[in-house]
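Here is how the chains run, residue by residue.
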Amino acid sequence: MRMTRYLPYVLGAALAALFPLFSGAYLEQVAVGMLIYLTLALSWDMLLRSGQLGFGTAGFFGLGSYAAILLFLNVGVHPFVSIAFGGVVAGVVALLVGLAVLRLRGMYFAITTLALAGIFAVVLRNFPGLTGGSEGRMLPNCIYAGNTTKIYWLVLALAVFTIVISEVFERTRIRLALTSIRNDERVAKSSGVNVFKYLVFVFAVTSAIQGLAGGTYAHVFGFVSPEGSFSANFLLLPLAMALLGGVHSTWGPVVGGLVLGALSEYLKLQIPYGHLLVYGAIIVVVTLFLPQGLMGTVRAWWRRSHVTRGAQ
Amino acid sequence: MTLFRTLRRWQLLLLLASLGVPIVLMLWKPYVLIEGLQRGGLYAVIALPMALILGVVGIINLAHGEFMMLGAYFAYWMGVYAGLDPLVAMIPAVVAFALLGAITYVLTIRRALKAPELNQLLLTFGMAMVGTEFANLMWTSQPLKPHLSYVYSSVALGKLRFGTYAFIYTAAAIVLLVLLQLFLRKTRLGRAALAVGQNPRGARLVGIDVNRTYLLIFSVSIALVGALGAMFLTRHSVFPSAGSPFTMKSFCLIAMAGIGNLPGVVWGGFGLGIAEALVSSFRGYGGWADVVFFAVLVAVIMGKSYRRQTA
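Quick note, the sequences are listed as chains U and R, same order. FYI, my numbering numbers position 194 of the first sequence as 194, with every residue one higher than the one before it. Whatever position you read off the second sequence (first residue = 1), add 1000 for my numbering.
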């Protein structure tokens, strides 16, 4: 019984790990992008589970990119150390922002985080000596000298790490706290949940994950720049993925990430300049007509069909 | 009673500051005052329709700046194909954007009115992205700007020489504020809108058609912001992401003034404009002007949460 329960996870992990054996460099490249966006989508959803809508994904992603690349170039540490540093910087900045802004929530939090990417970009542009100004900085060499198979495994490790963190959040008492905050903050507070502490904690952790993703991305593609690293894509795509897959769970954003990641390659070929339009449209349509996302709809359908079968 | 007194003292301080700062600036850095009033007028006039939507419909429209950006593109292409000056193109823009606003309301906003606030934010964020990417797809990210000679008019006052055209934004902000206040206080329709904004259920009970009021206010606001896009185009170039800073700055002004306080939005706009102009007047630090609104926003949020805790 226990074995069969874990079988899908084991099979999925094996399939993901062995993917490079039966795919070429192109598919690996596609999968790398897909997994980075999937990581962002999942981290965004982890914050949403507490009822807070954060738009800071692109901001912390870019911040992590810059922190990783600058430490790597100026101090010359191992790439892994610099990626971890990117995560730490994003987490600490999120902690400070959260301490200030999470006191008022809802639209105040959402719009402040929406402004973050622009603010970080301006700040980094204004230290041209360190950050290269609007030109950005380039690495002499990408990580693993651009070996796509190794890069794929690195990014896969990041995605699996995020999935594990998300599952930890889902299976420990953190889930109870976050769900109760989402449902009714006053009830949560009166049941002894320290609302503010939990929210700041989750905001810092998810932003650190976004920073890690940014550091990894920057090492994979070998450059940072204000326009590239803080691009709205790093907000738009993860949101579309998580919403399409279904929010408030680990597997919704993962499924959404895989579906949209595959679809995006097709769209990129079909409409090279306007494929992002589709993601915006997905956000609008899903919010209006499919608020449970694909996973939620499938789950509801599954439950319904089981119930009717039980009745017969 | 003490609260009342401290409030009065605060207001007095604010009044003194709002009189004192311009006088000091006029003597110290006159250009900052001029530039600030022009810039601030633009921020204020664009924030007003957003404040109207938030106050009456109760929705924060994250696609606000994108509607302005589309209005600017509309005026640009009216200029290219019909030879209209952007200021003349404001008239067709009002009609076109009232229609666009009504369609947007019926297709999307109306369905999300009862949804949680987060869904409304997500919805309008998605709309903003659709707007930006639509502009990107249609007209690429190339900045566009018509050549207009009259915007370079300037005037000399003693040793001071400055452009006068951009005061159109200052004037527009004050005129729009007065018109909106008259509309909301004196007309039947405006009073109905105010009532709906305060309490939609109560308004429905006394026989106001809430849904039609929402539709009206949303379309009027989008029509205004579309026309303002045309006015924006006279001085600035338009590109797909030109609108998004205005969404953020408008929200900053509304948060500063408090929901429903239209004059506060205008004063806040002038304050923000002057602060930004002051920062950019220091050589080498001009790049920091874009951060000012964020500092203000965070300060406002902290101030509000502090007041909520003490109250």
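Don't read these hints as lab results, they were simulated from the structure. Where hints are given, some of them may not hold.
Stated by the list, open to error - Derived DSSO-like pairs: lysine-lysine, alpha-carbon spacing no greater than 30 Å straight-line:
#: 1; chain 1: U; residue 1: K150; chain 2: U; residue 2: K268
#: 2; chain 1: R; residue 1: K1304; chain 2: U; residue 2: K189
#: 3; chain 1: U; residue 1: K189; chain 2: R; residue 2: K1159
#: 4; chain 1: R; residue 1: K1159; chain 2: R; residue 2: K1029
#: 5; chain 1: R; residue 1: K1304; chain 2: U; residue 2: K197
What the hints assert, rightly or not - The following residues of chain U were derived to be distant from chain R, with all beta-carbon distances above 10 Å:
#: 6; residue: I111
#: 7; residue: A145
#: 8; residue: I165
#: 9; residue: L176
#: 10; residue: F223
Unchecked claim - Heads up, incomplete: computed chain U residues facing chain R, CB under 8 Å, no partners named:
#: 11; residue: L53
#: 12; residue: G106
#: 13; residue: L114
#: 14; residue: I119
#: 15; residue: V123
#: 16; residue: N126
#: 17; residue: G136
#: 18; residue: Y198
#: 19; residue: L236
#: 20; residue: G274
#: 21; residue: L277
#: 22; residue: I283
Every value quoted in this text rests on a predicted model; they were computed, and no experiment measured them. For each residue, glycine too, the CB sits at the ideal point set by N, CA and C.
Report holds or violated for the interface hint on V123(U), using the least CB-CB distance to chain R and a cut-off of 8 Å. 7 Å, holds
Hint check: 8 Å Cβ-Cβ cutoff, I283(U) to chain R: Because about 3 Å separates I283(U) from the closest Cβ in chain R, which is inside the 8 Å limit, the hint holds.
The hint names Y198(U) as touching chain R; please verify it with the least Cβ-Cβ distance against 8 Å. This interface hint is violated because 17 Å lies over the 8 Å limit.
Measuring Cβ to Cβ, find out whether I165(U) lies farther than 10 Å from everything in chain R. Per Cβ check, I165(U) is outside 10 Å of chain R; nearest 22 Å; holds.
Beyond 10 Å on every Cβ pair: is that true for F223(U) relative to chain R? 19 Å, holds
Classify the label on I111(U) as holds or violated, using whether its beta-carbon is more than 10 Å from each beta-carbon of chain R. At about 5 Å from chain R, I111(U) fails to clear the 10 Å cut-off, so the statement is violated.
Minimum beta-carbon distance criterion (8 Å), L53(U) to chain R: It holds, given that the least Cβ distance between L53(U) and chain R is near 5 Å, below 8 Å.
Min Cβ distance, G106(U) to chain R: is it shorter than 8 Å? 5 Å, holds
Just to be careful: measuring from the Cβ of L236(U) to every Cβ in chain R, is the smallest value less than 8 Å? At about 5 Å, which falls below the 8 Å cut-off, the nearest Cβ of chain R leaves the hint on L236(U) intact, so it holds.
Taking only the CA atoms, is the gap from K189(U) to K1159(R) under or equal to 30 Å? 63 Å, violated
Grab the minimum C-beta distance from G136(U) to chain R and call the hint holds if it beats 8 Å, violated otherwise. Since chain R brings no Cβ nearer than about 15 Å to G136(U), farther than 8 Å, the hint is violated.
Any CB of chain R closer than 8 Å to the CB of L277(U)? 4 Å, holds
Comparing the model with each earlier hint shows violations of hints 3, 6, 17 and 18; every other hint is respected.
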